[in-house]
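Asker: If you want the building blocks of each chain, they are given just below.
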Amino acid sequence: MGTILEVKNLTKKFGGLTAVNDVSFEIHRGEFLGLIGPNGAGKTTLFNLIFGSEKPSSGTVRFDGRDITGMKPYEIVNLGIARTFQLVRSFRFLTLLDNISVSCLSPRGKKVAKQYGIDESASSILAAVGLVDKASLPPVILPHGDLRKLQIGKALGTNPQLLLLDEPFSGLSHEEQEGITDLIIRLHDDGVTVFMTGHVLRELMNLVPRVIAMHQGKYITEGSPQEVANNKIVLEAYLGKGSEQLA
Amino acid sequence: MNNLLELRKIYHYYGKARALEEINLTIEDRALDAVIGPNGAGKSTLLRVISGLEEPDRGKIEFLGERIDGLKAHKIAKKGIAHCPERRRLFYDMSVMENLEMGACVLKDRKKFHELLDFVFEVFPRLKERKKQRAGTLSGGEQQMLAIGRAIMANPKLLLLDEPSLGLAPKIKDKIFDAVNKIKKEGTTTLLVEQDAVLAMEVGETIHLLEEGTIEMRGTKEQLEKEPRIKKVYLGI
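Quick note, the sequences are listed as chains A and B, same order. Residue numbers for the first sequence follow my numbering, so the first one is 1 and each next one is one higher. Residue numbers for the second sequence follow my numbering, so the first one is 1001 and each next one is one higher.
Chain B extracted, bound-state conformation (with noise of 0.2 Å):
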């Protein structure tokens, strides 16, 4: 398999806290990774270094074989890489399909427009049935599914999604996680970034443990289950 994303030596510090300290991180083509770690180990970072919201204080980042660190947000999300942020970040006061078509802004082809449509109204019917709907006005739930389908119609290559089970009920979790392995299996390489071990370890295929700015151990579901380290990171002892 190949590469799609390949993260080198990546530092990043805000003012003079550190959050990323020599992170090494290989993403294969089609995969579907998870980064799991309390808060504050760097995750959310992590992930704004990726997409260009953040420009790392050392080290390299490949796309597709290509150096896109230094490069600005717009022009990563061209190259495909599209991120769902932490909270959602919806436009709030515009409507459903508004908020999917703002998604699509950086197609180059518009005819795949109606194919991604299809395909998020299929993953996520509440959206198609609430199309009209202005967005703030959605259940918690509803809004990470827009935030999801709104990443999944810029056609990414990569989709980087950040905590999308934060605040919501457990069984809304699993819907949403359920719509995840969706999107991997129609072939979206997927980084998920999720304070819920527990959910994370059920749907990534590669678990890495970031805790304060350095991934600590990483592996497969069965492989970090007997792991005491994971409890010790996020409870120290």
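If we strip away everything but chain A, and leave its shape as in the complex, we get (with noise of 0.2 Å):
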């Protein structure tokens, strides 16, 4: 397996507030790991900081071997990661295969549609993610769930080894989260290392192997969901104190 992401010490503060506190985890090459904690557990922050939207103020991120730590967010997705963000971001008035289109124009992505053309490529991205029959429309019209897949898909075109999604059920409907879920699934077993975060845990919690749990900026454990969930920290975290008493 060998480790895909090596975060060590990571630390953030924005004025008196530690948003990330000296974190340190792996990230095993083709795992499926999910993060979670309470609002304001710095979760995002965190991902900011993998994805250098944020400097860190101390700690390092390694990446496949290499120092990645400080480096700007281009340069972090041609080595290989990619994110999607917790409020849907799109090219508003392109059709959805010119969004993916763009992605699949960045270097990592240019590699795999140099075979096929860009086009062909971006049209066999959203059929990945389910939307090739709205190829030709604008991402305004569509459906928030349509979407989470469009981010997922603009991810995709960058041709990632390393997948962040950033609250990827937020927001959505039963059906749709289940959309996402089986889409998530599908692209984990194609070889793409997934790391998520949720603070909706019903589908997060039941889909991934092994979850990291982070509150006020700490890393507090991580484990199989069960383990996770019945960690005394993470119970008062999300329930209280005193939450042991809760069945």
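No lab work stands behind these hints, which were simulated from the structure alone. Among the hints, erroneous ones may be present.
Unchecked claim - Covered stretches of chain A, as calculated for chain B (at least 3 residues, CB under 8 Å): (1) 166-173; (2) 230-239.
To be verified - The list that follows gives simulated cross-link-like pairs (lysine-lysine, DSSO-like), each with its CA atoms no further than 30 Å apart: (3) K1221/B / K232/A; (4) K1232/B / K232/A; (5) K1231/B / K241/A; (6) K241/A / K1171/B; (7) K111/A / K55/A; (8) K1221/B / K241/A; (9) K1016/B / K134/A; (10) K1112/B / K1132/B; (11) K241/A / K1184/B; (12) K241/A / K1185/B; (13) K218/A / K1231/B; (14) K1175/B / K232/A; (15) K232/A / K1231/B; (16) K1184/B / K1009/B; (17) K218/A / K1175/B; (18) K1171/B / K218/A; (19) K1078/B / K1111/B; (20) K1111/B / K1184/B; (21) K1060/B / K1157/B; (22) K1226/B / K232/A; (23) K1060/B / K1075/B; (24) K241/A / K1175/B; (25) K241/A / K1182/B; (26) K1128/B / K1185/B; (27) K1171/B / K13/A; (28) K1171/B / K232/A; (29) K218/A / K1232/B; (30) K1132/B / K1078/B; (31) K1157/B / K1111/B; (32) K1185/B / K1111/B; (33) K1232/B / K241/A; (34) K1226/B / K1185/B; (35) K241/A / K1226/B.
Note that CB positions come from ideal geometry on N, CA and C, so glycine has one too.
Can you join these two chains into the complex? Each is in its own frame, and there are hints to help.
Answerer: Next up, the structure:
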């Protein structure tokens, strides 16, 4: 297996607030890993630090054996990490196909597209995320679940080894969540390492074999969803002090 | 007992994201109800829809037997619903006293002002000590007291409290919840939204469990305590 990402003593301070506090963990190649924690735990900041959207105050991030701490997001994408955002962002007035094509024009995307052409490459990604019949539509008219799929498609266009998914389920209906779940499982089966957050835990905790829990910027524990859900600190973080009395 | 507030089949969306789905909720006069649920369940939206900060996309809301959905927030405030928002939203550059006066701006009966002020100072003696201090310089717990106090100054029939324990130390949380109890005993119907399920279940007479925009179950503390669903809703398994 081997380690694809190593986070070591990562810390991010915003003024007096330590959003990520001395966090260390590893992601194995091909792994399917979840990151949980109540609101304000530092999940998105941790993603930002890995992805280069924020510079850490201290600590290191190594990807594929290489120190990527403090690199810019585009440099990191070019090394093989892609991410989606909590809030859906797309090129609103381009067609879905063109939305994907844009990321297929990235250096890593182009390597794949060279064999088949950009359109062909983008179409196959649209097919993979289940949007191929909507290729010529603009995102503005799509339901939220489709926009989430588009996000993932745009990330896939850069041909990532490691995919960071920030809250892929939030704001979706049950059916839409199931659609996203199926998609993520397929991507993982295809060999992409997946690291995803969620504060809506129902989907996440039943999906990933291993979970890391954070609370107030700190790493709390990791293990199977069952183990993590029974951790006292995790329970308190989610349900309040004294939560062990609850069934 | 009479129903003070009644929500029927309320739906609300933020753009395309669903926040509330078919919410039915009845609050009886002089009750203290608590809505619990994990982040993103729709708790704050529920309060915002009641106080008119959001207009529900579908459904109907009756307060004292009168439709209020679609009314502007200031109209609803005048009808007797006070909303104490998440993260307090004080007038930080004003003094404690000025914040309380702002709360009282919807009062029809000016004589009521001193009576309410006495009550707020009785519940939160700390606010009396600091009445000339600028709100922005108060501690987190004191700011929360002020936010609740400001809402009380509107002499509401229904008090909506959004996450009063947010970011507070356990001791301060207890103080706030003691105050909530006192306010309830004085006859103010209260609807409390709280992520801290354990605390909310301590004070709430009826507890409503919200999951992804839907009320999954409701009951008393005793009924819900033995319910594995709560942990499941919060932690997914």
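Asker: Report the numbers of all earlier hints that the structure fails to satisfy, in ascending order.
Answerer: Result: no hint breaks.
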